[in-house]
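> Protein chains in written order, with this note's numbering: chain A, 218 to 378; chain B, 15 to 640; chain C, 7 to 108.
In case anyone wonders, no lab produced these hints; they're calculated from the structure.
Some clues are possibly wrong.
[To be verified] In silico DMTMM-like links for lysine to aspartate or glutamate, alpha-carbon gap of 25 Å or less:
1) B:K544 <-> B:D311
2) C:K95 <-> A:E339
3) C:K107 <-> A:D293
4) C:K95 <-> A:E219
5) B:K72 <-> B:E155
6) B:K372 <-> B:E540
7) B:K72 <-> B:D83
8) B:K372 <-> B:E545
9) B:K172 <-> B:D93
Please read these numbers as outputs of a predicted model, since none were measured by experiment.
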Amino acid sequence: MEAILFYLLAAVTLIGTLCAITARQAVRAIVYLVTSFFSLALIFYLLGAPLVAAFEVIIYAGAIMVLFLFVIMMLDLGHPEKMETPRLGDWWPALLLLAAILGSLVILAAGHPQAPNTGFVEVTVRQFSQALFQRYGVAVEIISMQLLFALVGALYLGRRR
Amino acid sequence: MTTYLSLMLLFPLLGGAFIALFGRVLPRRLVEALACAAVWGSFACAALAALAYDAPHKVELARWVTAFDLAIPLSLYIDPLSLALAVMIGFVCGLIHVYSVFYMADEAGYARFFALLNLFVFAMLTLVLAENLVLLYLGWEGVGFCSYLLIGFWYTDKANADAGRKAFITTRIGDTALVIAIAWLFQLFGTLSISRLNGMAFLVPGGIITAIGLLFLVGAMGKSAQVPLMVWLPDAMAGPTPVSAMIHAATMVTAGVYLLARMFPLIGGSAVVTAAIAVTGGVTAFYGASCALAQRDLKRVLAFSTISQIGYMMLGVGAGAVTAATFHLLVHAFFKALLFLGAGCVISALHHEQDIFKMGGLRRTLPLTFWPFLAGAACLAGLPLTGGFFSKDGILAALWLKGSALYFGLYLLGLATALLTAFYSFRMVYLVFFGANGHPVSGEGGLRAMQLVLVPLALLGLFGGVLNLPAYLGGGFLDGFFAHLAGGTTPEGSRMEEIALQGVAGVLALAGLLGAHLRYGGAAREARLKEAALPATPLTAFLLNGWYFDRLYHACLIRPYQALSGVLWQDVDEGVIDDTLDRLAAGLGTSGSWLGRWSTGRVSLYLLSFAAGGALILGYLAWLSL
Amino acid sequence: MTVPLYHVLILAAILFAMGLACTVAWRANVIMMLIGIEIMLNAVMLTFVGGSAQWGMADGQIFSLMLMALTSAEVSLALAMVVYLHRRKQSVNTDDFDSMKG
C-alpha cells in the first residue's frame, strides 16, 4: 500500500513541477512549486525521514518560497502578461538537454546491479540528532556562520542609498 | 723541370694573393713592380723549361682528390703544345703588365686590378699545363672568373657590370657542356688524365666519341666566343684596354682552341666532330669579319676581328691541322695584343674618345703608335711576308688539301673572309691615323712608355712568320716541333700548289688593302666621315648590331625566361606560397574571433553552454558504459 | 515499504532534468532560473534521503538538511541581488546585464 502511495505522490510531484515550469506567471509557478514540495515532503516521510520532511515544509515551502513571493511582489514587475515567456526557440535546447541527461542517467543506472530490495529502514529522530551533533557538529557551526554571512550580504545588497 | 713548372705557377699565384691581401697598404710602385716581377718570373721559368725540354713529360706535384676510384692529382704535362703556349702567355702577359702600369696610372683600385691580372695568369697557365681534365677545368673556370671581374672592373657603372655578367653567363653555357663531357669521360674510362684519355679513343663506339666531341666543341664555343655563343665578346670591351688585350685577344679566348687541340687525339677521329668544328670556325670567321666592317667603336672593331680570327683557328683544328692552328694562335696573340695596346694608346691620348669617325691625323702626332699599329694591321690583313700571312695561309692550305666538298666550301669562305679582313683592318688604319690633323692629343709621360711596349710585339708579329715557314722556304720549325702531336703533321702539297695558294691569299690581301685605300684613303675619307653622320642604312645597321643576334637572344631566350620568372615570382612564390600562409594566418585569426563571439557577457548563453557541457559529459559516460 | 531504490532514483533524475530544463528554457528571466535551481536542489535532496533510507544511516538526511540550510542562504543572497539589479536597470532580463562582454 505504501508503494501505491509512493507512486501517487511521485506523480503529483512531477505534475506539479511540470506545471511550475510551464507557468506563464511567476506567482503561479511558485504556488505550483509549493504543491510539488508538499508531496515531496510526504515522500520523504515515506522514506523514513520525518525530520527532513518537516524541515522541507517549514523551511523550503514555508520560508524560501515565501521569500520568492515577497521579492516578486516587491519588484512590481508590471503586467505579468507582458513577461517574456520562452517561445519554442527557447524550449528546444531545454528539451534536448533534458532528454540527454535523463537518458544518460537511466543508462548509467541500468548498467549497475540493483541493490537488494530489502525495504527501507527508518532513521529515528534520536539517531538523526545524535549523528548530527556528534559527527557533524562542526558542520552545524559552519552552516550557522554561513547563514550569518548570507544575512549580512543580503542586508548590504538591499540597502537603500 | 718540376721546379720550373711549379715556379711558373707559383709566381703569379703568390703575387696575386699577396697583392689582393696587402696591396692597399703597400706603396703603389711596389705593388706594380711585384705584379710585373711575378709574371716576368713566370716567363723566365717558361723559357728555362723550353731550353731544358727534351721530351713530353708528366710532373705530379701533389695529391688533390682521392675518393673511391676517382683520383685527381695535381699533375702538369709539358709537351710542345703546352710549352709553346706557356712561353707565349708569359711573354705577352708580361708586356701587358708593364703597359698597364702606365695605362692605369690614374686608377685608384690598382691593387684589385693587378691582383686579378696575376691571378688570371695563374689560371691560364694552369689551364695550359694541366695534365688532367679537372685541373684544366679549374683553370678554365679561373680565367672565366677573373675575366668577369676584370670586364666589370669599373662596376659602379651598370653597363660594365652587365657586360661582365653577360660574359660569365654566356660562357657558363659552354662550361656546362664541358662538365657533362668530363663526367661522361669518367663514367666511360674511370680516369680523367689527358694523356691516358687521348690513347683510348678506339675503345668506344664512334657515336659516343662524336657526342663527347660535340660537347667539347660547345664548351670551346662559349669560351672562345664562336657562333652562337659569341655575343659576350663585343660587350666585354667595357673593361680596361689592357684587359681586352690580354684576356680577350691573346689568352682566354684561345683556351677553347687549346682544349680542342689538346683533346684532338680523342675526338679527332670522328668526321662529324671535325666537320662541326670547321663549320663553326668558318661561319664565325665570316660573321666576325662582316660585322667588323660596320663598327664605329675602335675596340669593337678589334673585338669582332678577334671573333673572326679565332674562327680561323677553329677552321684549322677542324681541318686536322693542329700545327697551323697553333701557329696562327701564337702569331695572332702577338699582333692582336699589339693592336689592342695601340688602340689603348690612341684612346688615352684622345681623352677616351673611342669613335673612329672622330679620330684622324694621328699619323703625324703619334708616330710611335702609328708604325707598330700599321705593322699589326698588316699582319691581321695577311699582307705577304708578314707573320699573319704565313699562319693564315697554313690554315687555308690545310683546308684546300683536305679535298672534300665541305672543306672546299669552307676554303672559299676563308678566302672571302681574308678579303674582308684586309678591308676592315685598313679601313680602321685610314680612319684613325690618316686625314687632316684636327684633334688635340695629350702627350703624357706614360704615353711614351706605353708606345715603347708596342715595339717588341710589332717585331714579333712581322717576323713571326719564321716560326713556321712553308716547306719551299726552308721548312717549318713548328712543324718539326709539333710533329709528334696528333694532327701535328701537316699535309704536304706539291710545291706548285703551295705557291699558288699563297699567291691567291696574298692577292686577296692586297686587293683588300686597295679597296680600303680607294674608299677610305685621301679625299674619299671626308665623304665617308660625312656619311657616318647620317642615319645608317639597313645593311650597315645589320652588321653594326652583330647580325641582330643580341635581339634574337633577347626575344627567344631572355624574354620568355623573364616572363617565366615573373610568373614564378608573383603567381607561385607570392601567390601560392606566401598567400597560402597569409590566408592560413588570416583564417586562424578569423576562426579565433569567431570563437570569441562565445563570450557575449550574457548569462543565458553561459548557462546554456554549462548545461550542454554537463550533458555531454554525462552522455559520454553513459556511452562508455553501454 | 518495498519500493526499489531504483525507482526513487528515477524520480530524482526526472525532477533534476526538469529543473535543468526550467533553468535553460527560462534563461532570460532571473526569477524563473532561480526556481529551476530550487527544483534541482530538491531532486538532489531526494537522492540523499533515498540513499539514507536504503542503508539505514543518518548521513544522507543530515546532508539534505545542510543542503536546505545552504539553499536558504543562497536564495536570500540571490534574491537580494535580483532586487539590486532591478533597481539598476528596471528589468529582470538576464541578457540586459552583459557588461562582461568580450
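> Would you mind marking each hint as holding or not holding in the structure?
Evaluated hints:
1. B:K544 <-> B:D311: Answer holds: B:K544 to B:D311 is near 17 Å, not above 25 Å.
2. C:K95 <-> A:E339: Not satisfied, since the Cα-Cα distance of roughly 51 Å exceeds 25 Å.
3. C:K107 <-> A:D293: Status violated; Cα separation ~29 Å.
4. C:K95 <-> A:E219: Given that 25 Å is the threshold and the Cα spacing comes to 51 Å, the pair is violated.
5. B:K72 <-> B:E155: 23 Å, holds
6. B:K372 <-> B:E540: 11 Å, holds
7. B:K72 <-> B:D83: 21 Å, holds
8. B:K372 <-> B:E545: 13 Å, holds
9. B:K172 <-> B:D93: Given that 25 Å is the threshold and the Cα spacing comes to 43 Å, the pair is violated.
Violated hints, in rising order: 2, 3, 4 and 9; the structure is consistent with all others.
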